[in-house]
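Trainee: So the chains spell out like this:
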Amino acid sequence: MTDLQVATAGNTASSRRKLDSVVVRFAGDSGDGIQVTGGQFTLATALAGNDLATFPDYPAEIRAPVGTTFGVSAFQIHFGDRSVKTAGDAPDTLIAFNPAALKVNLPRLPKGGLLIVDEGSFNERNFKKAEITANPLEDGSLDDYNLIRIDITKRTLEAVKPYGLSQKEGVRCKNFWALGLVYWLYDRDPAPTEEWLKAKFRNNPKIAEANIAAMHAGHAYGETMELDGFGAYTVPPAPIAPGQYRTVTGAEAMAWGLVVAAGLADKEMMFASYPITPASVILHHLARLSDYRVTTFQAEDEIAAVCAAIGASYAGSIGVTSSSGPGIALKGEALGLAVAVELPLVVVNSQRAGPSTGMPTKTEQADLFQAVFGRNGDAPMAVLAVRSPGDAFDVAVEATRIALTYMTPVMILTDGYINNAAEPWKIPDVRNMVAIDAPYHTQAEGFHPFARDPETLARPWAIPGTPGLAHRIGGIERDALTGNISYDPANHQKMTDLRAAKIRGIANSYGPLEMAAGKPGAALTVVGWGSTYGAVNEAVQDLIGEGADIAHVHLRHIWPLHPDLGDVLRRAGRVVVPEMNNGQLLTLLRSEYLIDARPLDQVTGQPFRIGNLKAAFRRHLEA
Amino acid sequence: MTDLQVATAGNTASSRRKLDSVVVRFAGDSGDGIQVTGGQFTLATALAGNDLATFPDYPAEIRAPVGTTFGVSAFQIHFGDRSVKTAGDAPDTLIAFNPAALKVNLPRLPKGGLLIVDEGSFNERNFKKAEITANPLEDGSLDDYNLIRIDITKRTLEAVKPYGLSQKEGVRCKNFWALGLVYWLYDRDPAPTEEWLKAKFRNNPKIAEANIAAMHAGHAYGETMELDGFGAYTVPPAPIAPGQYRTVTGAEAMAWGLVVAAGLADKEMMFASYPITPASVILHHLARLSDYRVTTFQAEDEIAAVCAAIGASYAGSIGVTSSSGPGIALKGEALGLAVAVELPLVVVNSQRAGPSTGMPTKTEQADLFQAVFGRNGDAPMAVLAVRSPGDAFDVAVEATRIALTYMTPVMILTDGYINNAAEPWKIPDVRNMVAIDAPYHTQAEGFHPFARDPETLARPWAIPGTPGLAHRIGGIERDALTGNISYDPANHQKMTDLRAAKIRGIANSYGPLEMAAGKPGAALTVVGWGSTYGAVNEAVQDLIGEGADIAHVHLRHIWPLHPDLGDVLRRAGRVVVPEMNNGQLLTLLRSEYLIDARPLDQVTGQPFRIGNLKAAFRRHLEA
Amino acid sequence: MNIATPVMKRTIKDFTSDQEVRWCPGCGDYAILKAVQKTLVDIDADPDRTVFVSGIGCAARFPYYVSTYGFHTIHGRAPAFATGIKLSNPELDVWLITGDGDALSIGGNHLVHVLRRNVDMQILLFNNEIYGLTKGQYSPTTQKGTRTPSSPQGSVDAPLSATLLALGAGARFVARGIDRLQKDLPGILARAHAHKGASFVEIYQNCIIYNDGVFEGLTEKGIGEDHRILLEHGKPMIFGRNRDKGLVLNHDRLALEVVDLGEGADTGRLLVHDETNKTMASMLAAMEGPDMPVALGVLYCNPDASYEQEVTARENHDRVDADRLNAMLRQGRCWTVGEDGTGSGG
Amino acid sequence: MNIATPVMKRTIKDFTSDQEVRWCPGCGDYAILKAVQKTLVDIDADPDRTVFVSGIGCAARFPYYVSTYGFHTIHGRAPAFATGIKLSNPELDVWLITGDGDALSIGGNHLVHVLRRNVDMQILLFNNEIYGLTKGQYSPTTQKGTRTPSSPQGSVDAPLSATLLALGAGARFVARGIDRLQKDLPGILARAHAHKGASFVEIYQNCIIYNDGVFEGLTEKGIGEDHRILLEHGKPMIFGRNRDKGLVLNHDRLALEVVDLGEGADTGRLLVHDETNKTMASMLAAMEGPDMPVALGVLYCNPDASYEQEVTARENHDRVDADRLNAMLRQGRCWTVGEDGTGSGG
Ligand SMILES: Cc1ncc(C[n+]2csc(CCOP(=O)(O)OP(=O)(O)O)c2C)c(N)n1
Ligand SMILES: Cc1ncc(C[n+]2csc(CCOP(=O)(O)OP(=O)(O)O)c2C)c(N)n1
Ligand code: SF4
Ligand code: SF4
Ligand SMILES: [Mg+2]
Ligand SMILES: [Mg+2]
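Just so you know, the protein sequences line up as chains A, B, C and D, in that order.
Residue 1 is where the first sequence starts when you use our numbering, and the numbers rise one by one after that.
Residue 1 is where the second sequence starts when you use our numbering, and the numbers rise one by one after that.
Residue 1 is where the third sequence starts when you use our numbering, and the numbers rise one by one after that.
Residue 1 is where the fourth sequence starts when you use our numbering, and the numbers rise one by one after that.
Worth flagging that the hints you see were computed from the coordinates, not collected in a lab.
Warning: the hint list may mix true and false statements.
Simulated DEER-style distance windows between Cβ atoms [what the hints assert, rightly or not]:
hint: 1; chain 1: D; residue 1: PRO290; chain 2: A; residue 2: PRO107; range: 48 to 58 Å
hint: 2; chain 1: D; residue 1: ASP323; chain 2: B; residue 2: TYR440; range: 17 to 27 Å
hint: 3; chain 1: D; residue 1: ASP42; chain 2: C; residue 2: GLY213; range: 43 to 53 Å
hint: 4; chain 1: B; residue 1: PRO110; chain 2: C; residue 2: LYS13; range: 39 to 49 Å
hint: 5; chain 1: C; residue 1: ASN250; chain 2: D; residue 2: ASP318; range: 47 to 57 Å
Below are the DSS-like pairs computed for lysine-lysine, each with C-alpha atoms no more than 27 Å apart in a straight line [as the list claims (entries may be wrong)]:
hint: 6; chain 1: B; residue 1: LYS128; chain 2: C; residue 2: LYS13
hint: 7; chain 1: D; residue 1: LYS9; chain 2: D; residue 2: LYS196
hint: 8; chain 1: A; residue 1: LYS200; chain 2: A; residue 2: LYS154
hint: 9; chain 1: A; residue 1: LYS129; chain 2: D; residue 2: LYS13
hint: 10; chain 1: B; residue 1: LYS128; chain 2: C; residue 2: LYS34
hint: 11; chain 1: B; residue 1: LYS494; chain 2: A; residue 2: LYS103
hint: 12; chain 1: C; residue 1: LYS221; chain 2: C; residue 2: LYS245
hint: 13; chain 1: C; residue 1: LYS135; chain 2: B; residue 2: LYS129
hint: 14; chain 1: D; residue 1: LYS9; chain 2: A; residue 2: LYS128
hint: 15; chain 1: A; residue 1: LYS494; chain 2: B; residue 2: LYS103
hint: 16; chain 1: A; residue 1: LYS129; chain 2: D; residue 2: LYS135
hint: 17; chain 1: B; residue 1: LYS614; chain 2: B; residue 2: LYS111
hint: 18; chain 1: B; residue 1: LYS519; chain 2: B; residue 2: LYS18
hint: 19; chain 1: C; residue 1: LYS144; chain 2: D; residue 2: LYS196
hint: 20; chain 1: C; residue 1: LYS135; chain 2: B; residue 2: LYS200
hint: 21; chain 1: A; residue 1: LYS168; chain 2: D; residue 2: LYS135
hint: 22; chain 1: B; residue 1: LYS614; chain 2: A; residue 2: LYS494
hint: 23; chain 1: C; residue 1: LYS235; chain 2: B; residue 2: LYS129
hint: 24; chain 1: B; residue 1: LYS200; chain 2: B; residue 2: LYS161
hint: 25; chain 1: D; residue 1: LYS196; chain 2: D; residue 2: LYS221
hint: 26; chain 1: A; residue 1: LYS200; chain 2: D; residue 2: LYS135
hint: 27; chain 1: C; residue 1: LYS34; chain 2: B; residue 2: LYS129
hint: 28; chain 1: B; residue 1: LYS614; chain 2: B; residue 2: LYS519
hint: 29; chain 1: B; residue 1: LYS614; chain 2: B; residue 2: LYS18
hint: 30; chain 1: D; residue 1: LYS34; chain 2: A; residue 2: LYS128
hint: 31; chain 1: B; residue 1: LYS168; chain 2: C; residue 2: LYS135
hint: 32; chain 1: C; residue 1: LYS34; chain 2: C; residue 2: LYS9
hint: 33; chain 1: C; residue 1: LYS183; chain 2: C; residue 2: LYS196
Ideal Cβ positions, reconstructed from N, Cα and C, are used throughout, including at glycine.
Could you build all of it, start to finish, from the sequences and the hints given here?
Mentor: What follows is the structure, given as structure tokens:
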């Protein structure tokens, strides 16, 4: 833990205009260091006491040719003096490092928005690469925006001149120049970034100093120049619960959640995976945690990964496997085996736009059907969904708890947006977390591998190596007590019923169903799940603020559904289900509760916009 | 076509007692030729003009030790003077060739039933193998049955003595002795079996003659002996529509349906599969049809099979792949690709009891969820279900027609029961069948691989090798016109909507929704699908006969559902859905129509019994 | 349930489960089961630390018949399960039982990868050159032209060589045995067990129902010995019922040749088996009848570090308590929000 | 859309699609694309009868850039798609483009089976020893100890040799080239195309982003020639920038050795490349630096009947009209039920 004291934010320039919330978007070439810039701005903003949410927007290509539109990388951050749950519909301020970045991102900027461009990159060569015919700085197409043209490249080179960098190295510092300017603009403290640069370029202090100089120059530029429509702002801190915080991405939180859960169960964890976008980042995080009883295994494919994870569970570890839609599809057969032999397993699906390869870098929620229904035979499976980066931690812990308590596979649905987005996260104290108990068995006397705990219906976990418990399990139907192969019709019916009852029984372990906003019985109840949480919640909160009779229920438990959900939905006037798919949760709710819930689908690979949601909810409220 | 004239059945022995329907069950060791016996009895019965249905009941083991209970093989046939749709709940007559067969099958025989046993096999050695302690022929346990003890082994050996067979060869003829007896019992003509034996043992006439002699001896035994409670029966012919008939198993009918469909489309067929019980038998049938523009490809696994089939479709053939639950699970990812690139494909799933390996030789209908929902992303797929052996032909043709007309994968759900059961089948005249048109494209001018037929929404099928149409397709989201890679949000929404609309539109091609029994608006409407057809229909017909207000709708179209179904179900008093799973069609119906349909699930690996269904329906009628 | 009996030497019965064996009468699998059980006795295996893992097939029913821990998984994936087991608990002694379809058709890739990674286990491939359990379709090792239900005109696919594939995948231990040669099999299996890393043993197995007699030429009394050679490290390559044939290398053709060892023959030219030489192993593995003898015994053994050892050596398996977890969560930049809602970096 | 222009010889432009190439600037894939396009020109390929099939990966984007028919399928399965295409229409000229992850990790089994079946196609494996598209994790060919996002402490897995695996699988044509050796590549590709059956070509390819320079030792001007040997059938094995090194067989060790070809050296001992000798091919494929040169060119070429030819030869592809279908349905026992409902056998 790095202990660094920074000035509490918000108590400098009192002349600044106060804003309650701001959305800033940085956009440039993949090589421009946009994500680093965004990361630093995020940290500074967190330290300034604001609540925030971010959205890193990578290009689909690994490294597209410099200056092309498909090589544009962007980072959006939304911060404010109150609870912030999405990266914001539209930026207030857009910083565009080159013509391609401007071309791709301008459509997001509302008229009148602040637009900062690096004039130095607006040249013919770059226009051609971006397939632009006229100079947008000249042709009047930016007249409706609050345009600030600065030759950032030139000013950066001036600022870093003392450090004797090459031209290329010098130009690379321009993101920090711009960051300095934006720090000034929104009253953030550059000190933590200075520290970060020094640590990062420990072995190359010249680079660190040059970047720091560039940042200071940008900051100073803001202070000294008074440009039309370009004033200084401040965003007061948000009322945040006391405690220790950090920023986390969903992938980090998921990795830590799994590790903490294993710790709570006092077990090893075996994480077996095959790389796939956007899931790989969880593997990358865990690969660095081999100090914490974690083995990561990069298998030859997704099938091998899930099988290795099941093998690990069989041998007494917590087996975890992780992939995205196409890879999860490949795991279906083996997941059926895990259901059948009743071993614990956690399966993380970082959803992406489908079908098939689809749009790997884009977000979607269209794997719910696959999770709940996608296996041969009656093979019920518990399914949980993550709603935000920090929530991934809690879901990972709960999923592991369910898997171990009930001796069953659990699937977690998260997505690329959550994996990569960051938010401030109140760090839990593990000492206060409840240990996880699994039905370990060591007693040879009277041991039967399929005798069940009468409450959870879990079978005992008799781990190879335990003296006297040698037994055989497998995918052919098992006798309800001995586990030996059985083709007996009555036994098959019994086992089918037990498997179903065990999974249904998981719902007994849930906490109370909480309303995310509003109260049961509202004229319109919105039921959401997964990463739409922020947008749906902000939209509903806004409408409640406007006096609308609306409520929001957000499901962590996709299967089995929460025991109280039916009640809440039946009391609702109308039920709307916004999803980034063609109505998958909707199908579950309709069949379970026979309520005429209505779809609100968006399948564009883009997150919902709060504005669109509000408009749609209003239509339903008026209908 | 073998043209053989046989006496029309039913006009011999007028002294015989008339029965309207009979169920006979042959049971013996796997090595006793039970299935051959059943097959011959089936043919003779069909030629006698009865309607019939059969159920071959193989052991799970390849070849269990002789005389053990798990090596027992059985064959049940139900025939009558009216429409027969199931192999019957319980046999009227059981022929048991050894103690193990008796032990396993006796529980099925109602008290008072006719029980014929081969006394010759009831010895200590066989009791031990069957794990029987007392001789059931002696210990009174058979008192409640109409027991006929004959030393069939001995009598067979006597009958075949003239042919100089070895003891082992001689004993092997005993199934034909028994068949002869049963032929006499139920007034079947042995002549076709004689012919069959002669053809079968063309190269070993001695064996043919010995078997024929054994059969005649059995027949004569029946004629000459007058045993208590053992009379001769006759079952008059059923009123059968005029036409040419044969018996078919579901696997044969499926194979032929696919071949005929390919012929109707004037295309090659490529059938790619990996062996798996109970699907392999379709592969075996097609492997013998290489004369009919059929290529069968035994792939290295199910994934390779589906991919090869898609490749074949891409190259202009009709790609077909076939498997059972666990293998279909493996195909999920590739099926998503077929949905995405919009190529025709037929996928045959011969369902078996799951989850996981389950009970491979037992029947279940638990892959409906997997068929409709089991893919990543929104990947809608047409799903058809087969209801009886002969129906497999029609479903294969319709599935192929849909696949080619709409350029899309279609899944057929059948099962092991249908694949192996036989029924008389009215052979269609292919000249009267409608040709299948696919959207072939050859015009280079203005060609776009994803331009659509406005009516079907099918994209053109531009087959490699066609001059001027070279183009690229793939699993990444495609531009709605050019098919080039597109990450455009609006395009993704458009393509998602188009894919969904295209599949929904398939429902427009269905014929009218026919009631399988009863009328819309009945107090109880039973909705079935797949191989439960016969049992459900007989049960409903019986109850209608008893005056109950009940109706039966049997779905061929699982997805999309029939456009008229909602209407019918909403008019129903109560809706019950009997399924051999935990309520899978039920979930679809509830979510689609918001009707409180009730489950009637049986997951034992055994077909429904008509009696049980009737009891359950009565309960619902009274509720 | 079997309670370990550590004091006395165990017997075959101690490795026999209570499940009735359900292979076809006369199936070669019975002999292999016996040989494995005998090996378990010989190596003094601990049933409580021994795990048999299998895929699907007749062969794969094996674990049910051995009274150790057993996992009958899904078709073709046993190597992946076994890898997970071994990574999770390297102390377990893992035996993988598979068939030619299970290991070389659907499971070919997992076999390749478990071999190249060199995960410590014994892999026994029961090669009957047919799919037994699914009733007799041709397999990847079926001889070309074989008529089966799925190849009524005779199969067209060229068969794979299991041992050549294993060598191509980088296997460090490759051996071959035959069900009926009971005398040799336990020794080969014990060698496989002694080798740390993935040990691959192909066992020719007769499927009496669907492919009867395909290995008869190798096992038939008398004649068989002329068509097989049992390799021994450091020993000259001599075979034949009268031990009157040998193998030499034809340098020009870079190929093995059979020579007659008549009286006074020049045995100096005879090849001496070097089980660490991969080129030699490949040439031996490729030998096929009728002109060449089929190679049995340990074709190749060239140990290297085993995967699970290397992996676990880099990990810390100490108990992870709440304090360590708390520290983990607090690595990097953190800050504290006080009761008044203001932040302070930490 | 490209309309075939049969009269004039085509140019590279005729094999270039309208899609912008989106590999990273400096990626070795560009050079391979050029070499393939040049080969298509050289062999006078017909774009309308040519199909490029690929799996997923950077390499697998290839089909989008060639103006023939193209199918970008799913990860690892391209050999199965290609087999289906070829069985369906043997007239098509099929090229399969794959990467080391696509072909050897998830797709290893399909590669093995397409090779052993010997389906006629060209298989080009772009081996950059890394997963490019998913941002740089280690692949089955990555050198042990490589640090990547998924192996921060260095990878533990022993790498596979693509060529040894191919030979182990029974491939009948195995060759190797390097992206940067543009001069040699089209010739190797043309040989692969000329070979009927599955032709396997491993192409070392530089991933400038995630694994830059792994093949530098082989391509660096001057030095590179000392570390590689371009094989030619029937020619002695000589290499080196001054053509002053050769390969000989050490008979005792049964292993290849490098000898210096100083003035007056005994070149008689030099091995002569025999591309039909599989043992030689295996030894050549196994050669690795720094002591041995890496073998390039055609390592093995030993044609056999191609699968799709054998399969289709047994089939009848004549049009199947209603009469033939009617006859098919009526094979075996049939009977006719008359208007009176009575049956008569037929
Ligand atoms: C996913 C899947 N595909 C196919 C099958 C069917 N199946 C079971 S065993 C087997 C092949 C058995 O052959 P082999 O491995 O040689 O074993 P053997 O029976 O000959 O011992 C097949 C195809 C299955 N159980 N699961
Ligand atoms: C089923 C599935 N699993 C994983 C992925 C993710 N994925 C795409 S390409 C790739 C590996 C690419 O490596 P390689 O084949 O060597 O190609 P390169 O990018 O290096 O050219 C992976 C793991 C996927 N698309 N589909
Ligand atoms: S089918 Fe063959 S391999 Fe299987 S048990 Fe019977 S004899 Fe053995
Ligand atoms: S990541 Fe590597 S292989 Fe992929 S395009 Fe970039 S340089 Fe080429
Ligand atoms: Mg086999
Ligand atoms: Mg690669």
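Trainee: Does B:LYS519 sit within 27 Å of B:LYS614, going by the straight-line distance between their CA atoms?
Mentor: Given pair B:LYS614, B:LYS519 holds - Cα atoms ~18 Å apart, limit 27 Å.
Trainee: Does B:LYS18 sit within 27 Å of B:LYS614, going by the straight-line distance between their CA atoms?
Mentor: Distance ~26 Å between B:LYS614 and B:LYS18 Cα, so the pair holds.
Trainee: With a cut-off of 27 Å on the C-alpha distance, tell me whether B:LYS614 and A:LYS494 pass.
Mentor: Holds, at about 22 Å.
Trainee: A:LYS168 and D:LYS135 were given as a pair; does the straight-line alpha-carbon distance stay at or below 27 Å?
Mentor: Within the cut-off at roughly 24 Å; holds.
Trainee: Holds or violated: are the alpha carbons of D:LYS9 and D:LYS196 at most 27 Å from each other?
Mentor: 24 Å, holds
Trainee: Next pair to validate is C:LYS235 with B:LYS129; report whether the Cα-Cα distance is within 27 Å.
Mentor: With Cα atoms ~49 Å apart, C:LYS235 and B:LYS129 exceed 27 Å; violated.
Trainee: Tell me if the straight-line CA distance from C:LYS183 to C:LYS196 falls inside 27 Å.
Mentor: 24 Å, holds
Trainee: Is it true that the CA of C:LYS135 sits at most 27 Å from the CA of B:LYS200?
Mentor: 21 Å, holds
Trainee: Check the hint pairing B:LYS128 with C:LYS34 against an upper bound of 27 Å on the C-alpha distance.
Mentor: 24 Å, holds
Trainee: Within a Cα-Cα threshold of 27 Å, do A:LYS200 and D:LYS135 meet the stated pairing?
Mentor: 22 Å, holds
Trainee: Taken at face value, is the distance from the CA of A:LYS103 to the CA of B:LYS494 at most 27 Å?
Mentor: 23 Å, holds
Trainee: Would the pair A:LYS494 and B:LYS103 pass a check requiring their Cα atoms to be no farther apart than 27 Å?
Mentor: 23 Å, holds
Going through the hint list in order, the structure does not satisfy hints 14, 18, 23, 25.
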